[in-house]
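Chemist: Numbering (this note's numbering), first residue to last: 653 to 861.
Hints in this document: simulated from the structure, not taken from any laboratory.
It is possible that some hints are incorrect.
[Stated by the list, open to error] Quick list of in silico lysine-lysine cross-link-like pairs, BS3-like style, CA-CA up to 27 Å:
#1 LYS732 with LYS755
#2 LYS789 with LYS714
#3 LYS837 with LYS714
#4 LYS849 with LYS837
#5 LYS714 with LYS755
[Claimed, not checked] Taking CB as the label site, the calculated pair distances span:
#6 ARG839 with ASP719: 26 to 36 Å
#7 ASP827 with ASP719: 18 to 28 Å
#8 THR758 with GLY731: 14 to 24 Å
#9 ASN711 with ALA805: 30 to 40 Å
#10 ASP802 with LEU851: 29 to 39 Å
#11 ASP773 with ARG844: 25 to 35 Å
#12 LYS761 with ASN725: 15 to 25 Å
#13 LEU842 with LEU712: 28 to 38 Å
Here a beta-carbon is modelled for each residue, glycine too, at the ideal position from N, C-alpha and C.
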Amino acid sequence: MTIQGIRIFDLNRRRQFIVVCFILLNVIFTLTNSPGSSAQTAKTRRATTKKKPVTVRSNLPKIVQLDDQSFRNTLVTRGKPLLVNFWATWCDPCREEFPELVKIATDYKDKIDFVTISMDDPEEADRGVPRFLRQMKAGAFSNYLLRAKDEDAAIRWVSDEWMGGLPFTIILVGDHQGAYTRQGKIRPELLRWHIDKILNSKTLPETAP
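Can you build the whole structure from these sequences, using the hints too?
Modeler: Okay, here's the thing in C-alpha coordinates:
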(Lines of atoms letter the chains of each structure in order from A and count residues from 1; the text may use other names and numbers.)
(Lines give C-alpha, C1' and ligand atoms only; values in the text may rest on other atoms or scores of the structure.)
Protein backbone atom coordinates (compact mmCIF):
# COMPACT_ATOMS: atom_id res chain seq x y z
CA MET A 1 0.00 0.00 0.00
CA THR A 2 1.34 3.39 -0.94
CA ILE A 3 1.82 6.23 1.48
CA GLN A 4 -1.11 8.06 -0.12
CA GLY A 5 -3.29 4.98 0.35
CA ILE A 6 -2.36 4.78 4.03
CA ARG A 7 -3.33 8.42 4.55
CA ILE A 8 -6.74 7.86 2.91
CA PHE A 9 -7.29 4.76 5.10
CA ASP A 10 -6.48 6.67 8.29
CA LEU A 11 -8.78 9.50 7.27
CA ASN A 12 -11.67 7.07 6.69
CA ARG A 13 -11.12 5.48 10.12
CA ARG A 14 -11.20 8.89 11.75
CA ARG A 15 -14.44 9.73 9.97
CA GLN A 16 -16.00 6.45 11.05
CA PHE A 17 -14.86 7.07 14.63
CA ILE A 18 -16.40 10.54 14.63
CA VAL A 19 -19.67 9.22 13.21
CA VAL A 20 -19.85 6.49 15.87
CA CYS A 21 -19.16 9.00 18.63
CA PHE A 22 -21.83 11.31 17.26
CA ILE A 23 -24.37 8.48 17.20
CA LEU A 24 -23.52 7.45 20.77
CA LEU A 25 -23.88 11.02 22.01
CA ASN A 26 -27.30 11.30 20.36
CA VAL A 27 -28.44 8.07 22.00
CA ILE A 28 -27.22 9.19 25.43
CA PHE A 29 -28.85 12.61 25.03
CA THR A 30 -32.17 11.05 24.00
CA LEU A 31 -32.22 8.64 26.94
CA THR A 32 -31.31 11.20 29.60
CA ASN A 33 -33.85 13.76 28.34
CA SER A 34 -36.82 11.48 27.83
CA PRO A 35 -40.02 12.50 29.78
CA GLY A 36 -39.82 9.50 32.09
CA SER A 37 -36.19 10.10 32.84
CA SER A 38 -36.69 13.80 33.55
CA ALA A 39 -39.63 13.15 35.86
CA GLN A 40 -37.73 10.49 37.72
CA THR A 41 -34.73 12.75 38.11
CA ALA A 42 -36.84 15.63 39.40
CA LYS A 43 -38.74 13.32 41.73
CA THR A 44 -35.52 11.89 43.05
CA ARG A 45 -34.11 15.38 43.57
CA ARG A 46 -37.19 16.49 45.49
CA ALA A 47 -37.07 13.35 47.60
CA THR A 48 -33.43 13.83 48.48
CA THR A 49 -33.69 17.57 49.14
CA LYS A 50 -37.09 17.60 50.82
CA LYS A 51 -36.87 18.76 54.42
CA LYS A 52 -39.26 18.05 57.20
CA PRO A 53 -41.53 21.01 57.94
CA VAL A 54 -40.26 23.10 60.83
CA THR A 55 -42.85 23.52 63.54
CA VAL A 56 -42.44 26.81 65.40
CA ARG A 57 -43.54 26.37 68.96
CA SER A 58 -43.97 29.32 71.25
CA ASN A 59 -44.65 29.11 74.95
CA LEU A 60 -45.31 32.82 75.22
CA PRO A 61 -48.58 33.84 76.90
CA LYS A 62 -51.31 34.97 74.53
CA ILE A 63 -52.05 38.69 74.61
CA VAL A 64 -55.52 39.76 73.48
CA GLN A 65 -55.84 43.33 72.24
CA LEU A 66 -58.94 45.15 73.49
CA ASP A 67 -60.88 47.80 71.66
CA ASP A 68 -63.32 50.08 73.48
CA GLN A 69 -66.21 47.59 73.58
CA SER A 70 -64.22 44.45 74.35
CA PHE A 71 -62.40 46.41 77.06
CA ARG A 72 -65.67 47.12 78.85
CA ASN A 73 -66.83 43.55 78.39
CA THR A 74 -63.62 42.31 79.98
CA LEU A 75 -64.14 44.36 83.13
CA VAL A 76 -67.31 42.52 84.10
CA THR A 77 -67.47 40.34 87.19
CA ARG A 78 -68.67 36.79 86.69
CA GLY A 79 -69.55 35.46 90.11
CA LYS A 80 -66.28 36.47 91.75
CA PRO A 81 -64.45 39.68 92.62
CA LEU A 82 -62.27 40.77 89.70
CA LEU A 83 -58.72 41.94 90.42
CA VAL A 84 -57.41 44.07 87.55
CA ASN A 85 -53.88 45.38 87.22
CA PHE A 86 -52.97 48.06 84.65
CA TRP A 87 -49.29 48.13 83.83
CA ALA A 88 -46.65 48.57 81.12
CA THR A 89 -43.25 47.08 80.39
CA TRP A 90 -41.65 50.55 80.51
CA CYS A 91 -43.02 51.16 84.02
CA ASP A 92 -40.44 50.18 86.64
CA PRO A 93 -42.88 50.10 89.60
CA CYS A 94 -45.17 47.89 87.52
CA ARG A 95 -42.42 45.39 86.91
CA GLU A 96 -41.34 45.47 90.55
CA GLU A 97 -44.78 44.70 91.98
CA PHE A 98 -45.73 42.08 89.40
CA PRO A 99 -44.31 39.04 91.23
CA GLU A 100 -46.40 39.88 94.30
CA LEU A 101 -49.54 40.23 92.19
CA VAL A 102 -48.93 36.83 90.63
CA LYS A 103 -48.51 35.29 94.09
CA ILE A 104 -51.74 36.87 95.31
CA ALA A 105 -53.63 35.79 92.19
CA THR A 106 -52.29 32.25 92.64
CA ASP A 107 -53.21 32.09 96.32
CA TYR A 108 -56.75 33.31 95.62
CA LYS A 109 -57.23 31.64 92.23
CA ASP A 110 -60.39 29.79 93.30
CA LYS A 111 -61.90 32.83 94.96
CA ILE A 112 -61.19 35.77 92.65
CA ASP A 113 -60.56 36.39 88.95
CA PHE A 114 -57.36 38.12 87.92
CA VAL A 115 -56.52 39.93 84.67
CA THR A 116 -53.66 42.13 83.59
CA ILE A 117 -54.10 44.93 81.05
CA SER A 118 -51.00 46.35 79.44
CA MET A 119 -50.88 49.98 78.40
CA ASP A 120 -47.93 49.38 76.05
CA ASP A 121 -47.88 50.21 72.36
CA PRO A 122 -49.82 47.64 70.30
CA GLU A 123 -46.69 46.27 68.62
CA GLU A 124 -45.48 45.09 72.02
CA ALA A 125 -48.35 42.59 72.17
CA ASP A 126 -46.14 40.08 70.37
CA ARG A 127 -42.82 41.18 71.82
CA GLY A 128 -42.03 42.69 75.19
CA VAL A 129 -45.37 42.05 76.90
CA PRO A 130 -45.59 38.25 76.44
CA ARG A 131 -41.88 37.82 77.16
CA PHE A 132 -42.23 39.65 80.46
CA LEU A 133 -45.35 37.70 81.41
CA ARG A 134 -43.60 34.43 80.67
CA GLN A 135 -40.74 35.54 82.89
CA MET A 136 -43.27 36.32 85.64
CA LYS A 137 -45.03 32.95 85.07
CA ALA A 138 -48.30 34.77 84.47
CA GLY A 139 -49.37 32.69 81.49
CA ALA A 140 -52.17 31.00 83.44
CA PHE A 141 -54.03 34.29 83.84
CA SER A 142 -55.93 36.41 81.34
CA ASN A 143 -53.61 39.00 79.83
CA TYR A 144 -54.70 41.89 77.62
CA LEU A 145 -53.41 45.01 75.93
CA LEU A 146 -55.60 48.10 75.70
CA ARG A 147 -56.00 49.59 72.23
CA ALA A 148 -58.79 52.07 72.79
CA LYS A 149 -59.54 54.95 70.45
CA ASP A 150 -59.76 57.29 73.44
CA GLU A 151 -57.50 56.04 76.19
CA ASP A 152 -58.40 58.91 78.52
CA ALA A 153 -62.09 58.03 78.27
CA ALA A 154 -61.28 54.39 79.01
CA ILE A 155 -59.31 55.42 82.10
CA ARG A 156 -62.16 57.58 83.37
CA TRP A 157 -64.61 54.72 82.80
CA VAL A 158 -62.51 52.39 84.97
CA SER A 159 -62.46 54.66 87.99
CA ASP A 160 -62.83 58.31 88.91
CA GLU A 161 -59.87 57.81 91.23
CA TRP A 162 -57.51 56.85 88.42
CA MET A 163 -55.55 59.76 87.02
CA GLY A 164 -53.83 57.62 84.42
CA GLY A 165 -50.68 56.84 86.37
CA LEU A 166 -49.20 53.36 86.41
CA PRO A 167 -49.40 50.93 87.99
CA PHE A 168 -53.08 50.98 88.84
CA THR A 169 -54.87 48.14 90.61
CA ILE A 170 -58.58 47.79 91.20
CA ILE A 171 -60.90 45.13 92.59
CA LEU A 172 -64.30 45.16 90.94
CA VAL A 173 -67.39 43.63 92.52
CA GLY A 174 -70.95 43.53 91.36
CA ASP A 175 -71.96 45.90 88.59
CA HIS A 176 -68.64 47.66 87.98
CA GLN A 177 -68.17 48.80 91.56
CA GLY A 178 -64.63 49.43 92.74
CA ALA A 179 -64.19 47.90 96.19
CA TYR A 180 -60.48 48.70 96.22
CA THR A 181 -58.22 50.96 94.15
CA ARG A 182 -54.54 51.67 94.28
CA GLN A 183 -52.52 53.99 92.04
CA GLY A 184 -48.87 53.16 92.54
CA LYS A 185 -47.19 50.02 93.83
CA ILE A 186 -49.39 47.76 95.88
CA ARG A 187 -48.77 46.88 99.49
CA PRO A 188 -49.20 43.10 99.34
CA GLU A 189 -50.39 42.66 102.94
CA LEU A 190 -52.93 45.47 102.59
CA LEU A 191 -54.22 44.12 99.28
CA ARG A 192 -54.67 40.68 100.80
CA TRP A 193 -56.54 42.25 103.72
CA HIS A 194 -58.94 43.98 101.33
CA ILE A 195 -59.49 40.78 99.37
CA ASP A 196 -60.30 38.86 102.55
CA LYS A 197 -62.63 41.65 103.66
CA ILE A 198 -64.48 41.56 100.35
CA LEU A 199 -64.77 37.78 100.37
CA ASN A 200 -66.01 37.71 103.96
CA SER A 201 -68.42 40.59 103.54
CA LYS A 202 -72.07 39.61 103.91
CA THR A 203 -73.08 42.67 101.95
CA LEU A 204 -71.12 41.77 98.84
CA PRO A 205 -73.07 43.33 95.94
CA GLU A 206 -74.77 41.02 93.51
CA THR A 207 -72.63 40.14 90.52
CA ALA A 208 -73.57 41.03 87.00
CA PRO A 209 -75.05 38.20 84.94
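Chemist: All hints, please: hold or fail.
Modeler: Okay, the hints, checked on the actual structure:
1. LYS732 with LYS755: With Cα atoms ~18 Å apart, LYS732 and LYS755 stay inside 27 Å; holds.
2. LYS789 with LYS714: holds (12 Å)
3. LYS837 with LYS714: Holds, at about 25 Å.
4. LYS849 with LYS837: Holds, at roughly 20 Å.
5. LYS714 with LYS755: holds (20 Å)
6. ARG839 with ASP719: 26 to 36 Å: holds (33 Å)
7. ASP827 with ASP719: 18 to 28 Å: At 22 Å between Cβs, range holds.
8. THR758 with GLY731: 14 to 24 Å: holds (19 Å)
9. ASN711 with ALA805: 30 to 40 Å: holds (35 Å)
10. ASP802 with LEU851: 29 to 39 Å: About 34 Å separates the Cβ atoms of ASP802 and LEU851, which means 29 to 39 Å holds.
11. ASP773 with ARG844: 25 to 35 Å: Since the Cβ atoms of ASP773 and ARG844 sit about 33 Å apart, the hinted range of 25 to 35 Å holds.
12. LYS761 with ASN725: 15 to 25 Å: holds (22 Å)
13. LEU842 with LEU712: 28 to 38 Å: holds (32 Å)
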